[in-house]
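There are 2 protein chains.
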Amino acid sequence: MDTNPHRYCVIMCGGIGSRFWPYSRTRMPKQFIDFLGTDRTLLQMSFDRISGIVSPSNIIVVSNSLYADFVHEQLPELPPENIILEPARRNTAPCIALASWHIAARDPEASIIVTPADHMITRENEFEKSVRAGFDFVESNDALLTLGITPTRPETGYGYIQIGEHVKDSISKVKTFTEKPELEMAKVFLATGEFFWNSGIFIWTAKSIMSALSEHTPEIASIFASVPPETYLDHERETEFIDRVFPTCKNISIDYSVMEVASNVYVETVSFGWSDLGTWSALFDLSPKNNDNNVTQNCNVLAYNCSGNIFAVRGEKLIVADGLENYIVADADGVLLICRMDREQKIKQMVTDARIKFGDKYK
Amino acid sequence: MDTNPHRYCVIMCGGIGSRFWPYSRTRMPKQFIDFLGTDRTLLQMSFDRISGIVSPSNIIVVSNSLYADFVHEQLPELPPENIILEPARRNTAPCIALASWHIAARDPEASIIVTPADHMITRENEFEKSVRAGFDFVESNDALLTLGITPTRPETGYGYIQIGEHVKDSISKVKTFTEKPELEMAKVFLATGEFFWNSGIFIWTAKSIMSALSEHTPEIASIFASVPPETYLDHERETEFIDRVFPTCKNISIDYSVMEVASNVYVETVSFGWSDLGTWSALFDLSPKNNDNNVTQNCNVLAYNCSGNIFAVRGEKLIVADGLENYIVADADGVLLICRMDREQKIKQMVTDARIKFGDKYK
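One line per chain: the protein sequences are A and B, in this order.
By the numbering used here, the letter at position 130 of the first sequence is numbered 136, and the numbering carries on one by one without gaps.
By the numbering used here, the letter at position 355 of the second sequence is numbered 361, and the numbering carries on one by one without gaps.
Any given hint could turn out to be false.
Think about it this way: if two alpha-carbon atoms lie no more than 25 Å apart in a straight line, the pair counts; the simulated DMTMM-like pairs of lysine to aspartate or glutamate are [what the hints assert, rightly or not]:
hint, chain 1, residue 1, chain 2, residue 2
1, B, K323, A, D249
2, A, K363, B, E322
3, A, K363, B, D249
4, B, K363, A, D366
5, B, K193, B, E145
6, A, K323, B, E331
7, A, K352, B, E145
Calculated from the structure, these hints are not laboratory results.
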């Protein structure tokens, strides 16, 4: 393995995965589940994927303190001081700021790939090539690089990045970031060849991102710049510091606070079989189908007159279904969800409704 | 309470309730479940209902040996020797023959009401009046009396009894028994006023039914007539005898073997708010509905765009459902069933399929 000692990875895995409720729960979010039945969780798959490029000693996992045990158990290879635990949920900007100052304290010359843990990548060789090219670029340019996935369909569930001026190879300036489009607009996006799916994977040097954070979101940057590097190098002191200051950070995404406003934002267009695992229908699309066009996760299913469903169970269970088309059927920890696939965007609201009506036990 | 010491009751509760699978299971059939959320099981409700008419010491419960513990636990008032356990399932004729010879050994002058435990009766005063009138009739006539329920709708799920010559009050000769009719035929039945729902509740004297069994199904009757009355009065000897001979009986219903062929068959037409609890849709019809026209049994439900469903859970669970109409959703003991209500007649086949595919654990 060719791992450059200045290269680091930050895996962000503090989300609560509420879009996969009840299969993914606050107490067991999707990144900690063997979601695809491969015997590796999404977090483990993210770790495996990057560990050919970045030495495990340089992989930092940032999660919520709720999930400390999951991270330790699932990544025994990871040095304990590489696990950073957030005491509160504050979106990606504070998370990335914290990780950046932490890494810079270890190595001011560090370059960093930042990645969520809840996507799937099927072509790992391509991934490795793209990531290495990205590192090479940011190490010789003051660039905030985001990976844009070459779209294969007019997907309405993803954000898009429009490329601007071409720089070199597969790297261009970013012209715009756009929200999830309507179908007609997505078709136009696809036809122009200028629009790429926003993967949420970033590559930059510690210097570039700290500089950008300091410029564009100084109220967050100043918090993490307020202590000397030594604080980040002593796990106990660092933890005390994080627990104290992290909750005071404002809740904002790196996209909104930095990427959409900075002038040195670039996109590397890539094709490595990426899929967001953000939705049940994405999981359905990605999963192998039974003969009857249903997807089953971790359960025995007898299906009659059923098609287009995803059946997901945590814990042993037999599901017998008759006359269901295009439903999500998910059962875990005392909650059964049966929801039309095309209404899955309502699931977050359902979780909220359940909490209001029945209390926190079903979160 | 006015209980005539010659009057007995036989509650038959050995069925496995497979039509309510998986809520009702071989290991916990519906008669032993608090099906209507009243804190009394169907067996207990049957016992309560009859115990104003028949002394508890004269109530005999015939069940399958699998369910001995349920009967003992649920009916602590019942003398243990009043519980007769069948070692095998042989339908109603052997069950009734056994119970009849048992009761006749105690009291040759006994009259007997025989009733299943899986229906609901809402007007208990009417029930009591009807049963007393039935007892009075059979105690002065050699009559096999069945209770025919005045129909209130063209139900296609029940068998019907056509009345013949009127005898007295609400009692007539039976002209025919008919199977479950098609809807058009059921409408004709209702319009004529001659057809009544077959309740499966019978009243007769021990003498009359033993005589009829001996005449019409001598191969069964001879088995139970083969030992002296003393055998039935010694619980241990009786149990040994039953365990030995019962499995040798042929599997046949009392309707087919006796009621449809005997000449002294009468029907008492009654109206006491009877409903068969034989099907999910019957249970749906009987149960109070939520505002959104769903029925929930023993579970918290959040329903969106749902109507006409029955949600039944054994064990605590939250069900969140979106976009379901007219489904059965039943969850118990490691099995989840989601089935269109109009396909519930397929559930027995599903149970068989599950057993073939996954073994006996889901029975």
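Here is how each hint holds up against the structure:
1. B/K323 with A/D249: Distance ~36 Å between B/K323 and A/D249 Cα, so the pair is violated.
2. A/K363 with B/E322: This hinted pair holds, its Cα atoms lying about 15 Å apart.
3. A/K363 with B/D249: The given pair, whose Cα atoms are some 53 Å apart, is violated under the 25 Å limit.
4. B/K363 with A/D366: Measuring from Cα to Cα gives roughly 38 Å; hence the hint is violated.
5. B/K193 with B/E145: Given that 25 Å is the threshold and the Cα spacing comes to 35 Å, the pair is violated.
6. A/K323 with B/E331: holds, 24 Å
7. A/K352 with B/E145: Cα-Cα ~66 Å, so violated.
Hints 1, 3, 4, 5 and 7 from the earlier list are contradicted by this structure; the remaining hints agree with it.
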